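Asks: This is what each chain is made of:
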Amino acid sequence: MQPVTQVSGTAYPWGQKNVDTDVIIPAHWLKTVTREGLGKGAFETVRAKPGNIFDDPRYHGAPILIAGDNFGCGSSREHAAWALADLGITAVVAPSFSDIFSGNAFKNGIVAVVLPQAAIDRLLEVAQDQPVTIDLETMTVTTPYQDRFSFELDAFRRQCLMEGLDEIGLTLARDTAISKYEAGVSEHRPWMSGERADASTLVESAGRT
Amino acid sequence: MSSQPLTLYEKIWADHVVERRDDGTCLIYIDRHLVHEVTSPQAFAGLRANGRSVRRPDLTLAVPDHNLPTTPRRDASGARLPIADPESVQQLDALKRNTREFGIDYIDAIAAAQGIVHVVGPEQGFTLPGTTLVCGDSHTSAHGALGALAFGIGTSEVEHVLATQTLLLSQSKTMEIRVDGTLGFGITPKDVILAIIGKIGAAGGTGHVLEYTGSIIREMSIEGRLTVANMSIEGGARAGLVAPDDTTFAYLKGKPMAPKGDDWDRAVAYWRTLPTDPGARYDRTVTLDATNIAPLLTWGTSPEDVVAITGTVPDPDSFADPAKRDAARKSLEYMGLTAGTAMQDVGIDYVFIGSCTNSRIEDLRAAAQVAKGRHVADGVHALVVPGSGLVKRQAEAEGLDRIFVSAGFEWREPGCSMCLAMNPDKVPPGLRCASTSNRNFVGRQGPGARTHLVSPAMAAAAAVTGRLSDVRDLVTA
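Same order as they appear, the protein sequences are chains A and F.
Quick note on my numbering: the first sequence kicks off at 31 and runs consecutively.
Quick note on my numbering: the second sequence kicks off at 16 and runs consecutively.
Derived CB-CB ranges, DEER-like:
#, chain 1, residue 1, chain 2, residue 2, range
1, A, T168, F, R340, 34 to 44 Å
2, F, K188, A, R77, 31 to 41 Å
3, A, D165, F, A335, 28 to 38 Å
4, F, T86, A, S216, 41 to 51 Å
5, A, Q160, F, P444, 30 to 40 Å
6, A, G81, F, T353, 19 to 29 Å
7, F, R344, A, P161, 30 to 40 Å
8, A, G194, F, R112, 28 to 38 Å
9, A, A213, F, Q19, 22 to 32 Å
10, F, R287, A, M31, 43 to 53 Å
11, F, S236, A, T168, 46 to 56 Å
Far from chain F, some chain A residues (derived; all Cβ distances over 10 Å):
#, residue
12, V34
13, G39
14, T40
15, H90
16, G118
17, A148
18, A149
19, T163
20, P174
21, D177
22, F179
23, M192
Quick caveat, the hints were computed from the structure, so don't treat them as lab data.
From a predicted model like this one, the values you see are computed outputs, not experimental measurements.
Note that CB positions come from ideal geometry on N, CA and C, so glycine has one too.
Isolated chain F (complex conformation) (with noise of 0.2 Å):
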């Protein structure tokens, strides 16, 4: 064994090789494989056109999240309520069909445990620190915030996942991302990413794995990191990690499919040994003092276009790189938006309060601190989408939901919702809307939509006073 420090990236690499190829490549064991609706149909297909079978099925879980109407699923008396559209039917349906045919464990639309993919796994304990997970979903990297290695994949590698319970990859390189100072008064892990990636552009991240390291993220929740590590592919990394510790544990205990036992207390330790040993060496390094961050939004059409809600919308010109003036002019355009507008003047139609990114119950929590007592604006419609069954069972335990409903927004069934336009929940063309999400790509949340990221918080703010707003304006310390 070699004494030379690791990353935590490196220790979890290691511990899953199983062969090295001659060029490098590595075959790499998969322990956790997270299956939806809209990107495993083919992968299915493909094992069936193929005479293959699942060779894990215990080490997968399939719930179905992308195309699901956020309105009622039963009627007053249980009854299943049908889905309008027959595509998303058809693949539902096929979901259901090919779980079934192949053994694998699958989360019903109407159970309890349902919900966005992201959140099920980690509320489930399916999610362990130290482990590989993947799923059909950019935003598999949510998973990074327990300490796993987690990342997207496309169909094809699905469909290899499943026939082999591996993957060929070559290895990242690593980048820190450190997170100092003190997070002022209505700044949440949301504003943290968004700074993020602001600072390290879209494509920063691009062919590394990140860690998040400093005191900020120490001190963060386990929702408030997988917020953070949610969005690390919005910053071009496919994983971004937070090294498991005392908060991790104290999440994990007791949860349904996290180990038990005598499991548990070898699962620990071993999970105590995985953090970057001190004087291990990252490929690059990012620091951030978070102690000046105001609350953050977009203002444009990708998400590393970000502003403080105290700011303008940004000129075009000022931008040094050609490229990034052409593609601002093109923003501004979709966006409908003026150069030198303070963005508290922006009116918005919409709130979105949901999606894998900000849809726990830290989350409800804070949007409901700033919706208490008060009510929606006028013309503004908004929704708030439980990330899971669980969630929103929590939720309501707390009376959340009837502060909402009570300030006007819609309490939905959890869902990936508006967040990616697949399923009825959209936004207009030209309206504009204030989102918890993870894009303001063009199109996004419908054709012609036009997208300001922001936390929960700020979506409420936003919400109750009809434009973008500072949520410290309207809560106090």
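Next comes chain A alone, as it looks inside the complex (with noise of 0.2 Å):
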């Protein structure tokens, strides 16, 4: 992953409430076997359209979004995450996140920034015409107004962002620690290692005949 320590640029001033997963890519992109290419799919329904936000040339490629409360819920998909860094945007700055949604952002370098409403509402009013910079270093967001608003962001994930770290070979080094508490629970939980599957039932078991 990329490292990420400033997003500096245009914002699409949208203020959208329960923006859901459906919302930021339909399902029938979900058909895919690869990470690439979903931003033709990002907010089709609300790009349908005229006149919508997303195709307006005042914000085309803008790298940030503004969004109203709870922005991501519903579906796990990650791939909203993966079609809203197809389309460019690196920062998304909102009231609230759904949990999964913005877990999965991190994961793909995109900074889900979290400001109280009014901020929003000032962002929204700012981003019709003016720049907006998210900065990790400070952990603020700013505007050429001299607006500072400052944000709180989880230490693990702002190092994951800032160092561009890969988890899986963070956790994969801790394999000692794994393996003795696997030992653990084979001794204290030992029905935790579990039965297999009724193979009548399956068609097909792995390594099992």
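Each chain sits in its own coordinate frame; assemble them with the hints.
Replies: Printed below as a string of structure tokens:
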């Protein structure tokens, strides 16, 4: 993952509340087996209407999206984050995010910034014709009008973003601790290793006959 | 050991901490991982690209559900019928290939055990109390019905779990949802969860793990609890728990993948230690008196847009929040509804009985009770889609399929079907569906489709009357 320290530029001043992941990327786009090319389907139902914000030339290619409460609610599809990234969006600012979406966003280098509604209202106004800057070092959102809004960010997520860390690689390095935990489970909760599925109802069972 | 009283969530969390980082993030062990065809291909590709293997294939189970057409899968001679959509075929083939390559048990589309991943887990006994269970699907919260800490994850997390059997997580806040009272005649677990979401809102549970408590939850069957926990995510909560009890143990005993013999006894002894201790504190408690709930349904395009079947389409101006007023106006336009219209005057075109929320045997029995001796109204297209091959087999043994078919419903093969518009079962643009699924989002059941979320009995009532109807007028106590 590419390190992210700052996102600066035009922002879509959308402000829409309860934007669900079916709106970000409808299900028929989910039949892909790769992460690429989903920008074409991003906000498809919104973009079907003339005069929509995503096809407004003023905001074309904006790296920031300003939204309302509960952004990314609904389905766990990471395709929503992939679609935003493919559209060129690397930061979303909203009063709240769904927990699953926010995790997916960070894993794809998209910064999910939580600010109070009053700050969002101000940014929606400024972003009509001015750029916005999100800085991970200072954890602030600023505008050319000297607005300065501080935000909080989970320390680990911030570190992963700023250093572009490979989370799986980090965890694999903890192999000894994981093996030790597994040994404890085998001793204290032996049933956890589990019965395998009834092969007669499976058709195919891995490594078994 | 501290003697501080703990909640069910805190106990499960504590038993799964592999390591705690200085910043408070914990490496949490994952006991069970369900995999389906839509959110896994990129995860397997990631493993392959980095030369990584699956750490615990024995704790992983794969089944296709989202893409599968629900029309017959074999011809008269038993040969497998082809799937028309090449993209679906590509994704389904990828799941089969990936599970074979990485040594994961795979339930094939034509296997008796096949079904919706959240129906399969509990009925196989793969889902167990006190476990951490994940799946690349937000309705994984369903498994919380058995006292498992179960939540949906994205594809990067699917890859992380496949490679390491862990996830890096921060502890959530806790919210108790206590439901007491007495359920009236015709009121089902679906009505209870719609009432809860109507009360807390679609973002009410964000950042929290819910625990459902109270007499109504204790008296519910596992099927009912699965319906409730399933929709935790529609209230913004990634997970929702029900404490394991004798109902849970009776349900699990003898299930194919549940512990056997001495293991069973040891497991039950452990499971009995899990319920929340007296005096344990939740960050928030919400109470609901279920005594006066009427059959509920949704009127708008968010699951929080809940109204009683005896009510009317709300006036957008009646909402205090300006953003909600605006959203309500857009919802009514999309839904083709006018404020003040009686819900029971709204005609419907489609009925969908199925999905991971409401496709289990009790759901089908409730719908069949309404359908029996009646007929689907003219012009209405009604589908019944069992949640798994085993549910289908049980329903057919009870004769439910014959009740549905003679009433004019279509009796289908198991899958996600009309819940999410990823397979041929879709609601056409501008048409209206009474659906037992979990999401009424714009375009969820197909572009331009209009969804009203209801219970299985209410869906069957809509099917036979051709409009949104109060099931209590059709069935007597």
